[in-house]
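*Asks:* Below are the chains, spelled out letter by letter.
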Amino acid sequence: MTAVAPPIARRTALFHAPDWLRTVDHKDIGVMYITMALVFLVIGGVEALVMRWQLALPEQHVVDPALYSQLFTMHGITMIFLMAIPILVGMANFIVPLQIGARDVAFPRLNALSFWLSLLGGLLLYFSFVAGGAPDAGWFAYVPLSDRAYSIGTGLDYYALGLAVNGAGTIVGALNLVVTIALMRAPGMSVSRIPLFTWMVLVTSALILLAYPALSADLVLLLVDRYMGAHFFTPQAGGDALIWQHLFWFFGHPEVYIVILPAFGMISEVIPVFSGKPIFGYRFVAASSVAIGFLSMGVWAHHMFAVGLGNEADDFFSAASMLIAIPTGVKIFNWIATMIGGRLRFTTSMLFAVGFLTVFVFGGLTGVTLATIPLDWMVTQSYYVVAHMHYVLFGGVVFGVFAGSYYWFPKITGRLLSERLGKWHFWLVYLGFNLTFLPQHLVGIEGMPRRVWTYPASMGWGPLNFASSIGAAILAVGVAVFAVNVLLSLRSGEIAGDDPWDAWTLEWATSSPPPPGNFVQTPVVTSRRPLWDRKHPDRPDPS
Amino acid sequence: MPGGSVRTSTEAIASLGTIVGAIAVVILVGVEIAIVYAIWRYRSSRVGGIPPQITGNTRLEVIWTVLPAITLVVVFVLMIGTMNEIAAAPSSYQGAMPLVVRGHQWWWELRYPQKDGTEVVAANEIHIPVSTEIDVSLQSADVIHSFWVPQLAGKMDLIPGRDNHLRLYASRTGTYFGACAEYCGIEHAWMRLRIVVEPADRFQTWLRGQAASRAAPSGLAQKGEQVFTTALCASCHTVRGSSASGAAGPDLTHLASRTTIGAGVLPNNDASLHDWVADPQRFKPGSFMPLVPLAPDDLNAVIAYLRSLQ
Chain A
0 MTAVAPPIAR RTALFHAPDW LRTVDHKDIG VMYITMALVF LVIGGVEALV MRWQLALPEQ
60 HVVDPALYSQ LFTMHGITMI FLMAIPILVG MANFIVPLQI GARDVAFPRL NALSFWLSLL
120 GGLLLYFSFV AGGAPDAGWF AYVPLSDRAY SIGTGLDYYA LGLAVNGAGT IVGALNLVVT
180 IALMRAPGMS VSRIPLFTWM VLVTSALILL AYPALSADLV LLLVDRYMGA HFFTPQAGGD
240 ALIWQHLFWF FGHPEVYIVI LPAFGMISEV IPVFSGKPIF GYRFVAASSV AIGFLSMGVW
300 AHHMFAVGLG NEADDFFSAA SMLIAIPTGV KIFNWIATMI GGRLRFTTSM LFAVGFLTVF
360 VFGGLTGVTL ATIPLDWMVT QSYYVVAHMH YVLFGGVVFG VFAGSYYWFP KITGRLLSER
420 LGKWHFWLVY LGFNLTFLPQ HLVGIEGMPR RVWTYPASMG WGPLNFASSI GAAILAVGVA
480 VFAVNVLLSL RSGEIAGDDP WDAWTLEWAT SSPPPPGNFV QTPVVTSRRP LWDRKHPDRP
540 DPS
Chain B
0 MPGGSVRTST EAIASLGTIV GAIAVVILVG VEIAIVYAIW RYRSSRVGGI PPQITGNTRL
60 EVIWTVLPAI TLVVVFVLMI GTMNEIAAAP SSYQGAMPLV VRGHQWWWEL RYPQKDGTEV
120 VAANEIHIPV STEIDVSLQS ADVIHSFWVP QLAGKMDLIP GRDNHLRLYA SRTGTYFGAC
180 AEYCGIEHAW MRLRIVVEPA DRFQTWLRGQ AASRAAPSGL AQKGEQVFTT ALCASCHTVR
240 GSSASGAAGP DLTHLASRTT IGAGVLPNND ASLHDWVADP QRFKPGSFMP LVPLAPDDLN
300 AVIAYLRSLQ
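So the protein sequences, as listed, match chains A and B. Residue 542, in numbering that gives the first Met the number 0, is where the first sequence stops; the numbers in between run on with no holes. Residue 309, in numbering that gives the first Met the number 0, is where the second sequence stops; the numbers in between run on with no holes.
FYI, nobody ran anything at the bench for these hints, they're computed from the structure. One or more hints might be untrue.
[As the list claims (entries may be wrong)] Covered stretches of chain B (chain A as the covering partner; in silico rule of three or more C-beta atoms under 8 Å from a C-beta of chain A):
(1) 19–27
(2) 58–67
(3) 77–83
(4) 146–158
(5) 176–183
(6) 246–257
Note that CB positions come from ideal geometry on N, CA and C, so glycine has one too.
Model the full structure from these sequences, guided by the hints.
*Replies:* Below, the structure written as structure tokens:
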């Protein structure tokens, strides 16, 4: 029969708020990260809505350009550093130790430090608003615009300090996850049996360790330039403005994969479970993540095709960027092949996973057009890039996170999210998302630059922008439905039980929510799907 | 050779875009059909029991690794061909007409180097002769900007301390619209650009006109010049032939020959010029042109003067 004794433990109470200030439990810290991310999701979303209001019609004055610049700068920073990273790190924090059968992460106190540094960085960034104005040089803060000669206020100082502190938390957190996954797996969980979400969190964590220090260094150079007159970036004094860009994108492009890989991991858990089949091509899905991680370190200058590096340099970065399409395509084909021949249960989680597939393919293909240098010369820095990037980051990361949220919410809280509200959530978000960002491809091709606070009526971009703004409003309603769903379900959602989805990985072998220490006894892993083995002793998982 | 080229860069890019776009659409449609098929065929209401537990197929994996790789090689080779045609390397510009574009927050300084070593200075509205190779030298006076006229060519950045080059070629006369494409500060939106492509003789007439000093003002305009040169205006603007020789803002020697003011923010006519000089921050908040308090009579005189600068 099965080698896994039922490691079930019962916690009498359902979900309760963590002991915020003192906890070092990975589940509490995971919930704290997720809470932080959801708060910043609302803030960053409101910033986006104000921008869409301003742009809905040409030559409006809803906000002035000074505030608009702060809004798009803080929207980018918030969604990347204070929403995407914390929600993914938070979900990894909660789920990874459970998935690998561990009692906690390797360094629980360090884990708490990671969270508090991340939050402190976010608070520093937002304190800038009351300290005289938020950063307004874009999330990428190109020098010399971000140098004191052109940004005399303190906004850019809060940018550099806030991101450095936030990044320190992220680096420490990544180190913790790498060690945890490397050393704390349950007996029997060989490398080829690691659940795919954990696999992709491992690759993401490794990428954070490689990429974030470049950003930290860049931020320090900026501060030294701003306050000690070092002129690293000042050409008149022998510096070079492009050093900033190289270091920033050496971090900035891997960052895209840092946030998308855990979402890929969520999709790789959700699609098999709701298809009733193991993932198609486990080794290829896992290996393609490593390939993406490796290649992502050599593509940064595709953000710089218009700076004049020369055709030879551009060709190299174009080729490397195109290569990433191959392992990404492998993943998409394997997810579809997992669905084919299965028995698909369209829960809200699965709806978001399939919705992810349909839009992410589009974002991936526009990515290839941007890697094609002459096409990039045409559409880079236009609304086409805004559209592409949101298809990848919203259609990819956020859809993946929504799929993962409906999937793991019952494990985290002991209660199911409402499927009825979930359907509304999905369809409003799916419609609103496409209506917001599809027209932006066209308006970008027509010549509308990004990061403009308004645009001339004579250019004829009004109708597409209006459609985009209507889409944003629908999207906002969809996200509001999610918020209502979370709040209602926390209070009175259906009791989930240990394994509401008939799933296979170890987090479903313990109670919902799991007790302190997670498992009464250390589970033993016999295959990639330990719970499948227990449920189907007659036909154990072949892996 | 650039001289043998008859297409604009945009036309070359558009034909590459059509091919790459067509490939992308075929892949997109194929994948979406596969997804919709899976949703329809394998939904739980159509399938009973536990499905077969298939874990993979190495041959399929190889196929869907190799086929995209081949497709990407095709795209890459086509791309190299287009890049050679556009010829972004400055060495291929021998014999092209030089034009220096210098970016400022938030306007464009234009310099047309002449064979005698002098330069003709203008701002915000580029005139070029049709069917002529132009070698645009892109420089910046302050932060990074990017030169983009979508109907003629792709972008190239203007970076302080660097001299980037872009090939510009227009096969048809007409007016083309462009803009700064790299975020360069809060008025990035109103750093717009206009390119007038005209027959060679009309271009030469325009160039001669721009090279000349200002027409000597008379009447009200003469009083306007006095106000202009004694008030704050002259500390930022040059009007050749007068004592105004500021360099922070656009050269206004031939302001009245331009279609717009404020790098595209307003049409250039009596009424909007009046409103603009009276309070530039109303139309371009954050611009470096301050509100200069002028008595109504002085303001009218300045407007008459500026309108006389043909």
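*Asks:* Hint by hint, note whether the structure agrees.
*Replies:* Going down the list of hints, with the structure as the test:
1. Chain A is given as covering the stretch 19–27 of chain B, and this holds because 5 residues of the stretch bring a CB closer than 8 Å to a CB of that chain, at least three being needed.
2. Closer than 8 Å: that is the beta-carbon criterion, and the stretch 58–67 of chain B has 5 residues meeting it against chain A, so the requirement of 3 holds.
3. Requiring three or more residues with a Cβ within less than 8 Å of a Cβ of chain A, the coverage given for the stretch 77–83 of chain B holds, as 4 such residues are present.
4. Only residues whose beta carbon comes within less than 8 Å of a beta carbon in chain A count, and the stretch 146–158 of chain B has 9; three or more means the coverage holds.
5. Check result for the stretch 176–183 of chain B against chain A: holds, 8 residues qualifying (beta carbon to beta carbon below 8 Å, three or more required).
6. Check on the stretch 246–257 of chain B: 0 of its residues sit with their Cβ under 8 Å from a Cβ of chain A, so the three-residue criterion for coverage is violated.
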